[in-house]
Amino acid sequence: MAEMNMLQAVNEALSIAMQADERMVVFGEDVGHFGGVFRATSGLQEKFGRARCFNTPLTEQGIAGFANGLASNGMTAVAEIQFADYIFPAFDQIVNEAAKFRYRSGNEFNVGSLVFRTPYGGGIAGGHYHSQSPEAYFTQTPGLKVVVPRNPEQAKGLLLASIRDKNPVIFFEPKRLYRASVGEVPAGDYEIELGKAEVVREGKDITLVAWGAQMEILEKAAEMAAKEGISCEVIDLRTLAPWDIDTVADSVKKTGRLLINHEAPLTGGFAGEIAATIQQECFLYLESPISRVCGLDTPYPLIHEKEYMPDAFKTFEAIKASVTF
Amino acid sequence: MSKATLNTDTVHRVGFLDKASLHIPILRILQADGTTYETAVLPVIDETLATKIYDTCVFTRVLDERMLGAQRQGRISFYMTCTGEEAAIVGSVAALDQEDVILAQYREHAALRYRGFTTEQFMNQMFSNEKDLGKGRQMPIHYGSAALHYQTISSPLATQIPQATGVGYSLKMQGKRKVAVCYFGEGAASEGDFHAGLNMAAVLKCPVIFFCRNNGYAISTPTEEQFAGNGIASRGVGYGMHTIRVDGNDMLAVLAATQQARAYAIEHNAPVLIEAMTYRLGAHSSSDDPSGYRSKDEEAKWQQHDPVKRFKLWLINKGWLAEADDVKLHEKYREEVLAAVKVAEKIPVPMLDEIIEDVYDKPTPVLKKQLAELKEHIKKYPQAYPKSAGRL
Numbered sequence: 008m009a010e011m012n013m014l015q016a017v018n019e020a021l022s023i024a025m026q027a028d029e030r031m032v033v034f035g036e037d038v039g040h041f042g043g044v045f046r047a048t049s050g051l052q053e054k055f056g057r058a059r060c061f062n063t064p065l066t067e068q069g070i071a072g073f074a075n076g077l078a079s080n081g082m083t084a085v086a087e088i089q090f091a092d093y094i095f096p097a098f099d100q101i102v103n104e105a106a107k108f109r110y111r112s113g114n115e116f117n118v119g120s121l122v123f124r125t126p127y128g129g130g131i132a133g134g135h136y137h138s139q140s141p142e143a144y145f146t147q148t149p150g151l152k153v154v155v156p157r158n159p160e161q162a163k164g165l166l167l168a169s170i171r172d173k174n175p176v177i178f179f180e181p182k183r184l185y186r187a188s189v190g191e192v193p194a195g196d197y198e199i200e201l202g203k204a205e206v207v208r209e210g211k212d213i214t215l216v217a218w219g220a221q222m223e224i225l226e227k228a229a230e231m232a233a234k235e236g237i238s239c240e241v242i243d244l245r246t247l248a249p250w251d252i253d254t255v256a257d258s259v260k261k262t263g264r265l266l267i268n269h270e271a272p273l274t275g276g277f278a279g280e281i282a283a284t285i286q287q288e289c290f291l292y293l294e295s296p297i298s299r300v301c302g303l304d305t306p307y308p309l310i311h312e313k314e315y316m317p318d319a320f321k322t323f324e325a326i327k328a329s330v331t332f
Numbered sequence: 253m254s255k256a257t258l259n260t261d262t263v264h265r266v267g268f269l270d271k272a273s274l275h276i277p278i279l280r281i282l283q284a285d286g287t288t289y290e291t292a293v294l295p296v297i298d299e300t301l302a303t304k305i306y307d308t309c310v311f312t313r314v315l316d317e318r319m320l321g322a323q324r325q326g327r328i329s330f331y332m333t334c335t336g337e338e339a340a341i342v343g344s345v346a347a348l349d350q351e352d353v354i355l356a357q358y359r360e361h362a363a364l365r366y367r368g369f370t371t372e373q374f375m376n377q378m379f380s381n382e383k384d385l386g387k388g389r390q391m392p393i394h395y396g397s398a399a400l401h402y403q404t405i406s407s408p409l410a411t412q413i414p415q416a417t418g419v420g421y422s423l424k425m426q427g428k429r430k431v432a433v434c435y436f437g438e439g440a441a442s443e444g445d446f447h448a449g450l451n452m453a454a455v456l457k458c459p460v461i462f463f464c465r466n467n468g469y470a471i472s473t474p475t476e477e478q479f480a481g482n483g484i485a486s487r488g489v490g491y492g493m494h495t496i497r498v499d500g501n502d503m504l505a506v507l508a509a510t511q512q513a514r515a516y517a518i519e520h521n522a523p524v525l526i527e528a529m530t531y532r533l534g535a536h537s538s539s540d541d542p543s544g545y546r547s548k549d550e551e552a553k554w555q556q557h558d559p560v561k562r563f564k565l566w567l568i569n570k571g572w573l574a575e576a577d578d579v580k581l582h583e584k585y586r587e588e589v590l591a592a593v594k595v596a597e598k599i600p601v602p603m604l605d606e607i608i609e610d611v612y613d614k615p616t617p618v619l620k621k622q623l624a625e626l627k628e629h630i631k632k633y634p635q636a637y638p639k640s641a642g643r644l
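First to last, the sequence lines map onto chains A and B. Counting from 1 along the first sequence, just add 7 to a position and that's the residue number in my numbering. Counting from 1 along the second sequence, just add 252 to a position and that's the residue number in my numbering.
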């Protein structure tokens with residue numbers, strides 16, 4: 008075990024994976040000698056050479072297309088999209104190509120050994136274009152896996168699992184936690200299974216679900232609620248596609264209430280999918296309407312960032328509303 | 253400091269470059285009468301290779317003619333022909349190694365045939381039957397074969413271009429001394445993926461042959477409404493890439509250019525752009541009618557430049573083909589294609605269970621649940637789902 012921040016954990020996972028798999032290459036804008044704008048790939052070029060860790064020209068669609076080509080021909084491709092806000096030029100290559108490569112060819116070809124790492128989320132005064140949480144655009148695409156870690160330990164284990172998974176994965180890294188989240192991380196090589204949620208706090212009155220940076224918001228809200236005598240069960244979904252319905256449904260059957268929190272705008276967000284599924288699975292167990300505490304349906308604002316965010320206070324209020332319904 | 257800022261080649265009066273600043277000749281080896289230009293340097297070709305090339309052209313033409321007919325009869329839903337562009341496709345694939353990886357656009361089935369895709373395999377794909385390698389999931393002509401190093405076609409245009417760059421990089425990393433070969437049209441070259449793919453290939457030094465079929469039209473849009481520059485070739489030079497423009501209806505010119513492009517790409521770990529000037533003699537697809545956007549006169553003019561006829565005359569001049577054998581060859585393939593149609597259309601469609609396979613490496617619990625629910629529903633209304641109701 009060693010104490011490190013999330014960037015160091017990501018860096019360590021990449022290094023371990025590259026050491027173990029000589030077919031693996033890491034690339035993207037500024038990821039070479041410079042080590043990426045957040046330094047997630049720091050030192051990798053020095054350790055593994057320019058052929059395996061390198062800068063690309065400034066073209067997200069090119070990076071994604073290139074990644075598909077590499078992965079289709081026996082390589083393990085780990086591409087960085089510098090900000091999730093800039094993933095949209097690569098949307099076609101991810102949604103129409105990576106996601107369908109195996110299906111459309113009848114498994115003649117696949118790009119399973121492919122990960123797109125990308126920092127997402129707000130809270131860093133990044134305005135419209137350094138703050139978005141575009142996960143729901145990808146969760147509706149069969150063939151993709153979508154993974155979001157909440158802390159350094161999770162980041163390392165989930166990233167190693169994503170790199171070795173036989174399906175293309177979009178790995179959203181909560182950039183507001185890159186340096187803010189520090190914790191004990193196991194040494195060496197370990198994986199955290201994809202598609203499994205984790206109950207991080209047990210409770211009996213209401214189930215709270217989130218992922219990534221919003222997990223610390225849920226923890227704070229759960230603490231506030233505990234002082235009012237409300238017992239919250241907190242679940243980190245970790246993988247959004249395919250998501251762990253059973254863990255959430257089992258919890259809701261126990262608590263009878265569900266709150267989902269995400270940074271992305273409310274409308275069309277992944278909370279809607281969770282809510283619809285859980286009301287189907289747990290209809291007769293529900294004691295109040297499923298609550299969604301999410302970003303506003305606006306572009307991500309700069310100066311009103313705090314107001315936009317689904318923070319602990321909004322979450323606390325929604326918890327109280329749910330248990331007193 | 254960036255190297256670019258160290259350029260000391262300066263002038264002191266304003267002067268602009270234009271598209272004529274770059275002179276791009278067209279390589280032509282074969283004349284209309286089937287003789288070669290006196291000063292021409294021929295590609296490496298012997299009777300065996302020449303015969304295989306011609307055989308592939310004849311098969312492709314017969315296949316196109318018959319399957320367009322089959323589409324008109326309602327036996328398949330969709331078709332696209334290669335007619336008029338056979339020299340561009342077959343001349344280039346014939347210069348490759350069997351293990352060079354092909355990433356095609358969609359109109360390059362002649363290349364797949366050259367590599368050994370059987371008549372039955374073509375039919376199984378077009379009829380979406382259970383023997384289709386693609387498991388009946390894509391429209392007709394979206395072929396692919398791992399064994400033949402021919403990546404499965406996807407409908408979105410130009411997506412294969414940056415992918416070819418990635419494949420080229422992987423071949424270099426693997427030390428295979430093979431190239432990736434990427435086919436696309438001049439219309440697809442307007443997509444962002446074209447720029448991304450070529451620029452990355454040049455910067456990252458990837459052994460890729462980018463082969464542009466400049467066939468005059470993107471569906472109905474003529475080249476003058478597609479770009480204002482000096483064709484596609486001028487862009488290759490801009491990317492710092494070896495580039496050549498060839499007569500795409502000249503089998504020997506295409507073969508010669510591609511042979512040398514391949515040697516260069518492998519020797520230097522570098523991409524090459526080939527712009528083949530040709531003409532799409534047929535419609536864009538079975539859903540298109542060119543009479544709405546081009547004249548019969550124009551088509552007739554290009555019929556005079558039929559690439560297969562030109563190559564045939566060369567073969568006859570060489571004594572490698574006799575007219576009587578040519579007639580027999582056409583007849584053989586007409587019968588073969590017709591017979592294969594009759595077999596393929598009777599082969600059942602893939603089992604419904606295949607619908608959830610290959611989305612992921614293993615079907616997820618949700619997919620299994622959806623399949624089970626779907627089967628129960630089909631059992632209730634079998635008449636509404638005739639393709640699968642009988643064999644759940």
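Honestly, I wouldn't trust all of these hints.
As the list claims (entries may be wrong) - Label-pair restraints from in silico Cβ distances:
1. F290(A) with K632(B): 22 to 32 Å
2. P149(A) with K561(B): 45 to 55 Å
3. E209(A) with K632(B): 34 to 44 Å
To be clear, the hints were calculated from the coordinates, so they are not data collected in a lab. Cβ atoms here follow ideal geometry from the backbone N, Cα and C, with glycine treated the same way.
Violations among the numbered hints: As far as the earlier hints go, not one is violated by this structure.
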